[in-house]
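Let the hints inform the model, and build the full structure from the sequences given.
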Amino acid sequence: MPARKGTAARPRDPVPGLVDSLLKGDKRAAGKLISLIEDDEPEATEAVARIHPHTGRAHVVGFTGPPGVGKSSLINRLVRTLRGRERKVGVVAVDPTSPYTGGAVLGDRIRMADTGVDPGVFIRSMATRGHAGGLALATFDAVRVLDALGMDLVLVETVGAGQSEVEIATRAHSTVVVEMPMTGDAVQTMKAGILEIGDVYVVNKVDLGNADVLVANLKFQLEARDGWTPPIIRTAAIEGRGIDELADALMRHAAFLDETGLRKKREIARARLEILENAQRLLAREVEAGSASGRDFERMAEDVASRRLDPNAAARKLLPTSSRKSS
Amino acid sequence: MEVIYTGLRQTPEDIVEAAIQEDVDAIGLSCLSGAHMTLFPEVVKLLKKRKSGDILVAGGGIIPEEDIPKLKKAGIKVVFGPGTPLREIVAFFETAGEGA
Ligand SMILES: Nc1nc2c(ncn2[C@@H]2O[C@H](COP(=O)(O)OP(=O)(O)OP(=O)(O)O)[C@@H](O)[C@H]2O)c(=O)[nH]1
Ligand SMILES: [Mg+2]
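Sequence lines, in order, name chains A and B. Sequential numbering of the first sequence, starting at 946, is according to the numbering used here. Sequential numbering of the second sequence, starting at 1033, is according to the numbering used here.
A portion of the hints provided could be inaccurate.
[Said to hold, decoys possible] Heads up, simulated DSS-like pairs for lysine-lysine below, C-alpha to C-alpha not over 27 Å straight-line:
1) A:K1033 <-> B:K1081
2) B:K1109 <-> A:K972
3) B:K1083 <-> A:K1209
4) B:K1081 <-> A:K969
5) B:K1102 <-> A:K972
6) B:K1077 <-> A:K972
7) B:K1083 <-> B:K1109
8) B:K1077 <-> A:K969
9) A:K1033 <-> B:K1080
10) A:K972 <-> B:K1083
No wet-lab data here; the hints were simulated from the structure. Fair warning: this is a prediction, and the values are worked out from it, not measured in the lab.
The structure is reproduced here in structure tokens:
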């Protein structure tokens, strides 16, 4: 039962050496670099800057769906199938940190442990604790590390709560939405917006029956987007049923993105997001308590609270002079 | 603190691989089968081989008193026998994280 502390308990290795090792395929270096990113250490900025030019090869697949629907089980099976097709596979699993203790038991790994010591597999769990720049940013920086490590595909599992689905869909190349049939009298409900974000829909746990209604429902509601009609795949992750079809669907979507030039479009959409997020993070750091601009920031906050200044005017004062025109 | 639970019946190779990918500070091993004298030192040996000897290894489970010194000599930092108060184990990992 390995344990990881959120603080720099062990001495950190210098970033340039770690990145060199990463590019040679060293898993230990990959693990350490992801820790820098996860802990939001100052070195993470340098690490990402050095890694970024060596990325762009991996196909990134996001998985989303309600808790317990079988995302980890599916990924475990899919990793094995993709390995059978000679693809190297990285996995980043995001687990919610307990809001009460600040700790977490990251259990996704249990259902992914089948692939053990296979050198073509790298699985990393990430906790959701305190990310100044947003969780999605840190998660996809970890994806960068696995991309640079030489993984052909990187699968990202997140909790299907809040806005995380949309966050994934705008960053991944392919988004897989996982649902499962309801049993008994329960009414099948789907989260609003879920029909717009998936490139592939999975109906898992078909072994429990009742899948036809959900599949028909999805088929009726799903529409083609940008010339792609999302396929609906029936799976039973515990038995390994439907996994080949899922792998095929993902390969088809990857080819579709290349043929249509949509891959590039998605990369640019993600870049836009990431630039804005980084700008926000830089601004937040700039006005941290203690610094000169931090004191100005405090003064502005008081001015806004006492109605001497409005929030938009205050925000403009934070930006470089060239962009201070009113908006 | 985060704990990554890898599940039951993992081989020493699996455990070391998971520890490296997750970049952990410590590994807690539990063994009830009596094979601890081979399994625990094997984990320490594999860690060293992977240049990861800085990861702390702790053991627990059904371990006879007389085995403990031998395990410590093999690089197991601490061994918690049956009935060790949970508080003691938590305290160990908390201070280990800071001191290492
Ligand atoms: N009957 C049946 N059970 C399944 C299937 N797939 C997964 N399960 C079970 O559903 C439970 C949850 O599976 P996970 O893979 O952990 O689900 P998850 O979506 O990753 O869950 P969270 O990470 O907690 O959101 C486990 O007990 C699995 O064994 C399936 O195809 N059929
Ligand atoms: Mg899971």
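Verification of the supplied hints:
1. A:K1033 <-> B:K1081: Given pair K1033 of chain A, K1081 of chain B holds - Cα atoms ~24 Å apart, limit 27 Å.
2. B:K1109 <-> A:K972: holds (25 Å)
3. B:K1083 <-> A:K1209: Given that 27 Å is the threshold and the Cα spacing comes to 39 Å, the pair is violated.
4. B:K1081 <-> A:K969: holds (18 Å)
5. B:K1102 <-> A:K972: violated (31 Å)
6. B:K1077 <-> A:K972: holds (18 Å)
7. B:K1083 <-> B:K1109: holds (17 Å)
8. B:K1077 <-> A:K969: holds (24 Å)
9. A:K1033 <-> B:K1080: Cα-Cα ~26 Å, so holds.
10. A:K972 <-> B:K1083: At roughly 11 Å apart (the allowed maximum being 27 Å), K1083 of chain B and K972 of chain A satisfy the hint.
The structure fails to meet hints 3, 5 from the earlier list, while all remaining hints are met.
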